[in-house]
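The numbering of the sequence shown is the working numbering, which starts it at 74 and goes up by one.
Everything labelled a hint here was simulated from the structure, so no lab data went into it.
It is possible that part of the hints are untrue.
Unchecked claim - As a list, the in silico DSBU-like pairs of lysine-lysine whose alpha-carbon atoms are at most 35 Å apart:
1. 902 with 830
2. 524 with 830
3. 416 with 451
4. 914 with 847
5. 847 with 830
6. 830 with 721
7. 914 with 829
As the list claims (entries may be wrong) - For each label pair, taking beta carbons as the anchor points, the in silico distance ranges come out as:
8. 457 with 105: 54 to 60 Å
9. 292 with 646: 20 to 26 Å
10. 558 with 721: 51 to 57 Å
11. 579 with 105: 28 to 34 Å
12. 614 with 686: 38 to 44 Å
13. 359 with 449: 17 to 23 Å
14. 446 with 171: 19 to 25 Å
15. 461 with 117: 33 to 39 Å
16. 522 with 1009: 27 to 33 Å
17. 292 with 432: 38 to 44 Å
18. 464 with 829: 40 to 46 Å
All residues carry an ideal CB built from backbone N, CA and C; glycine is no exception.
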Amino acid sequence: MGLKSSDNLSQEAKEEDAGRILLTNTVDLGLLPLSGTAKALRPFDSASPSLVLAWSNETLSVFDIGGEVVRPIGSTEVHAVRDAQWSGKNALTIAFDDRVETRDLVTVDADNDEVRPEHAGHVSAMIETRRSCTFSVSKHCVLAGTGDVVATRLKNGRQRLQLTTMWSPERGPVGSAPDGRTRLVWKPRKDSVAKTLATPRITSMLPVDLDHVILGYSDGLLAQCSLVQLARGFVRSQSGHLSDIPLAGSIASIHVVRNQRSGQNVIVGGADDGSVAIWSLDLKLLARWIVFTEPLAEVICLTTGRLKECMFCISRDGTLGLVALDGYQLLYLVPASVAPLRKVCVSEDNLLLLYADNRARLWDTRTREFWRSTNADKVDEMLKQGGWTEWPISSTLPDESAVLTALSGEEKLPDAAASLVLDVEALLVHLAALTYAKGNDLPASAILAMKRDYLSAVLSVLLSFGTSEEIDRVCLDNLDVIPSNAAPGICRHGAITIFPGYRGLSAWTTSPVVSATRAVGIISLLQVLAQQTDDAHTVSAFYAASLAHSVGFTYKAPNLAYLARLCLHSPAADVRDAARVRFDAGITRLGDVEISEVVESWQLLLPYLQTDAHKESLMSALSLFICGTIAVEKYTLLHTTSLTNLAKSIALYLHDERCPYRALAIDLCSRGFPVWQQYVDAVEMLRALFALATAGRKDSAPHQPAVGQQARTAVLHIASGNTPLFMTTVSMDILQPKSVQHRKSVMQLVIFLIHKKPLALYSNLPRLVEAVVKSLDPNSTADRDAVLDSATEILGHIVDSYPTVDFHGPTQRLAVGTSEGAVVMYDLKTATRLYVLEGHKKRTTACAFSPDGRRLVTLSLEESTVLVWKVGSSFTSFFMPGAPPRQGHSGSDPYKTYNFNIGDEGVMSVGGTLEFIKFEWASDRSVRIKIRGATLTFST
74 MGLKSSDNLS
84 QEAKEEDAGR
94 ILLTNTVDLG
104 LLPLSGTAKA
114 LRPFDSASPS
124 LVLAWSNETL
134 SVFDIGGEVV
144 RPIGSTEVHA
154 VRDAQWSGKN
164 ALTIAFDDRV
174 ETRDLVTVDA
184 DNDEVRPEHA
194 GHVSAMIETR
204 RSCTFSVSKH
214 CVLAGTGDVV
224 ATRLKNGRQR
234 LQLTTMWSPE
244 RGPVGSAPDG
254 RTRLVWKPRK
264 DSVAKTLATP
274 RITSMLPVDL
284 DHVILGYSDG
294 LLAQCSLVQL
304 ARGFVRSQSG
314 HLSDIPLAGS
324 IASIHVVRNQ
334 RSGQNVIVGG
344 ADDGSVAIWS
354 LDLKLLARWI
364 VFTEPLAEVI
374 CLTTGRLKEC
384 MFCISRDGTL
394 GLVALDGYQL
404 LYLVPASVAP
414 LRKVCVSEDN
424 LLLLYADNRA
434 RLWDTRTREF
444 WRSTNADKVD
454 EMLKQGGWTE
464 WPISSTLPDE
474 SAVLTALSGE
484 EKLPDAAASL
494 VLDVEALLVH
504 LAALTYAKGN
514 DLPASAILAM
524 KRDYLSAVLS
534 VLLSFGTSEE
544 IDRVCLDNLD
554 VIPSNAAPGI
564 CRHGAITIFP
574 GYRGLSAWTT
584 SPVVSATRAV
594 GIISLLQVLA
604 QQTDDAHTVS
614 AFYAASLAHS
624 VGFTYKAPNL
634 AYLARLCLHS
644 PAADVRDAAR
654 VRFDAGITRL
664 GDVEISEVVE
674 SWQLLLPYLQ
684 TDAHKESLMS
694 ALSLFICGTI
704 AVEKYTLLHT
714 TSLTNLAKSI
724 ALYLHDERCP
734 YRALAIDLCS
744 RGFPVWQQYV
754 DAVEMLRALF
764 ALATAGRKDS
774 APHQPAVGQQ
784 ARTAVLHIAS
794 GNTPLFMTTV
804 SMDILQPKSV
814 QHRKSVMQLV
824 IFLIHKKPLA
834 LYSNLPRLVE
844 AVVKSLDPNS
854 TADRDAVLDS
864 ATEILGHIVD
874 SYPTVDFHGP
884 TQRLAVGTSE
894 GAVVMYDLKT
904 ATRLYVLEGH
914 KKRTTACAFS
924 PDGRRLVTLS
934 LEESTVLVWK
944 VGSSFTSFFM
954 PGAPPRQGHS
964 GSDPYKTYNF
974 NIGDEGVMSV
984 GGTLEFIKFE
994 WASDRSVRIK
1004 IRGATLTFST
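Taking the hints into account, I'd like the entire structure generated from these sequences.
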């Protein structure tokens, strides 16, 4: 399993080649006085080694090479020494064919009497045997510096690895540690070597797509299966897709080639006996030849020129064979060079082969003659002339768009040959595109079933069964995810690590990066599966928050920086979401001290503290992501200086049009606006979001979603959580905009909010409406004409969405109910407030003009009252501008008052009033008010 986005990003700077080692100042110390043929030297491992252990087929000696000449210290007669090693300054471990001995260097005087080293002149020593342990030393034996012996042992046809503990001075006095005790370190699984060799094993794999994976076996046969079958335990003997005739050796490589003329694909493969074969897609053998001395490595299909509809088959040693796809004929062979083949170049009648020694050979494809050999400079001149088609050989770069790929490399170990790399990000993108794929005539139910099969199959490999009985039952019974016998692993930077074992717990105890990679893969797949079943949420929550408890103290928590990279750069939205879920869970598990340590280690990399050249670097973005996310959740643990630098870093990214991490700034601004507004200009930050939300589709950084949509989502969130500041900014930008275009953009944003979050604006509707009305001031003709359409549109949406606002077109009157009960009347022709009707003592729920515009009906559910007002123009209006029309009696009481009681039908939330209250005018003086299921009729 691999997540390529993180791989590519973590190699920002590659280490330079360290160069070669040059040996100088050679000192001749003389000959070693060894009898017989010298076998090996072992210097004593210290800061400045001067003691050397050497042995021949007759003698084992210790020398001092610290002076100008070699000085013998001690010697003893030995035979059949397999290996020897220092186990201390005065102790040796010696392996013979039948035993292992520990020997001491005993300092002696001229009479061979033992003395203390400080009492001796020229130090000499006797090599005395301390311990001897008898056992058969195998072919593979290593003596450790501690004196222990690591060796292989053959038992029941299987190799085992064992450790024999020998005494050394570092272990203390004799008898203080086990001596000569042998214990088993490792043994293979149950299958013996004989059974493994007898059972055909996979030696090569080629994934064509998720439903077609070609398997090559050690007995020369091919089989075909799907990813789902592989994950759930593919059994070749039960497969109906098996090749008819085997090759004489193990399948070494498999390729798919397309015949351009017939439009058919064929399978081209090679065995380790040098044979090349062609099969049809149903695995019927079409042709075969034994042409190479090394297995097939590369296949190049030619689509232009004289060699069109032919293919080059290239062996590992660089021998090249040309095969015609029509008729499957082997046309000719081109011999190999001493150096490996690196590139093939073809022009109309020329074949140019470039080798690793910077030499090249030029062949005539028409006459099949060798023309000449040349160097790299001449080759460059030829290629610059044009007309050449080039193919690199042995390229280890995988296809970045492929969901499944086989491991690259020529010499594969058995596990590597039977391994596939699954790109989780590419899989999720592929599954998302299944529904909309052209030519996909499958019904929606079949597509959903196909997606579920893929997801369940991959999860059966990735999930760690045995960590929780409850989760195992959910997977088995509800998700159709069963344990797989496939060993999951991880692919990073071209290296493959496989975690053996049925339970797979080693993946969670290896390293934080390994834990993060696997957790994100599991959670992202489960999130897609959760679209079909809620049980996937249960399993996802376990792997996000509870896995550490099940694994125990050896659990390695996912690496926060790695998760942050995925959140910033993964091309798959599901992977980004999964990484965010796991990141948030990781932050939650940290204690206050650990949180402070994380922030302290990252805060110096914040963009605001960097030079211009490094403000937009990956490390600065990671610092902002990690510290910013922590601050959103636990800002009380951060110092004021840290919060200030964070807020300024967010503002820096937010206002930088070329910043590739604006999406990060928008996200942090949305989730932590109440925190940041205390340390930066909140109004300017909000205006930057307004500009992004209304500017349309902007160019965004690679692997980042469109910032316009993200900014609109952020504005919605801020409008809901910080409505007063939001409305203040909106009102200011409508009444005093930087430009007319800016005012129109803000109005469009308000329309967006009305549709998405109408309740966010409800309590501030009077303020919003007044700002829009004032923007239509007829005294500013140019501005009025520029915003007239936008203002009319926004007022229309307000009237349609909120029952507390109504508009009468012929008279250009606009009525707005308030939460205090008053109703404000505006004249849009003059863009002024006419008067205020104060009849309700509690919130006005709805209002409506009569068709002739001479009556206004207002409703308050909290008072269970309907009021009728005269609002038409009268003779007295000309003499008392700004005063409400006379209602037919003295005072400011409404023209008519109706009380009603509809019981529970009138009990509803503010959101309910937007949906369940309707006015229907039967005539100019008769109105029906529908409140949920109740209908009230009044005379006006």
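Here's how the hints hold up against the structure:
Pair hint residue 902 plus residue 830 holds up; C-alpha atoms about 30 Å apart against a cutoff of 35 Å. Among the hinted pairs, residue 524 with residue 830 is consistent with the structure: their alpha-carbon atoms are about 34 Å apart, no more than 35 Å. Simply put, residue 416 and residue 451 have alpha-carbon atoms about 15 Å apart, close enough for the 35 Å limit, and the pair holds. Restraint check for residue 914 and residue 847: the C-alpha separation of about 27 Å stays at or below 35 Å, so the hint holds.
Proposed proximity of residue 847 and residue 830 is supported: the alpha carbons are some 24 Å apart, at most 35 Å. A C-alpha spacing of about 29 Å is found between residue 830 and residue 721, which places the hinted pair at or below 35 Å, so the restraint holds. Restraint check: the Cα-Cα separation between residue 914 and residue 829 comes to about 30 Å, which is no more than 35 Å; the hinted pair holds. In this structure the supplied range 54 to 60 Å holds for residue 457 paired with residue 105, their Cβ-Cβ distance being about 59 Å.
The given range of 20 to 26 Å is broken by residue 292 and residue 646, whose C-beta atoms sit roughly 45 Å from each other. Taken as a hint, the range 51 to 57 Å holds for the pair residue 558 and residue 721, whose Cβ atoms sit roughly 54 Å apart. Hint check: residue 579 to residue 105, Cβ distance near 47 Å, so the stated range 28 to 34 Å is violated. For residue 614 paired with residue 686, a C-beta distance near 43 Å keeps the hint of 38 to 44 Å intact.
Roughly 39 Å separates the CB atoms of residue 359 and residue 449, a value that falls outside the hinted 17 to 23 Å. Hint check: residue 446 to residue 171, Cβ distance near 57 Å, so the stated range 19 to 25 Å is violated. Here the CB-CB span from residue 461 to residue 117 is close to 60 Å, at odds with the stated 33 to 39 Å. A hinted range of 27 to 33 Å for the beta carbons of residue 522 and residue 1009 is inconsistent with their spacing of about 53 Å.
For residue 292 and residue 432, the Cβ-Cβ distance of about 40 Å falls inside the hinted range of 38 to 44 Å, so the restraint holds. About 53 Å separates the C-beta atoms of residue 464 and residue 829, a value inconsistent with the hinted range of 40 to 46 Å.
Going down the numbered hints, you'll see the structure goes against 9, 11, 13, 14, 15, 16 and 18, while the others check out.
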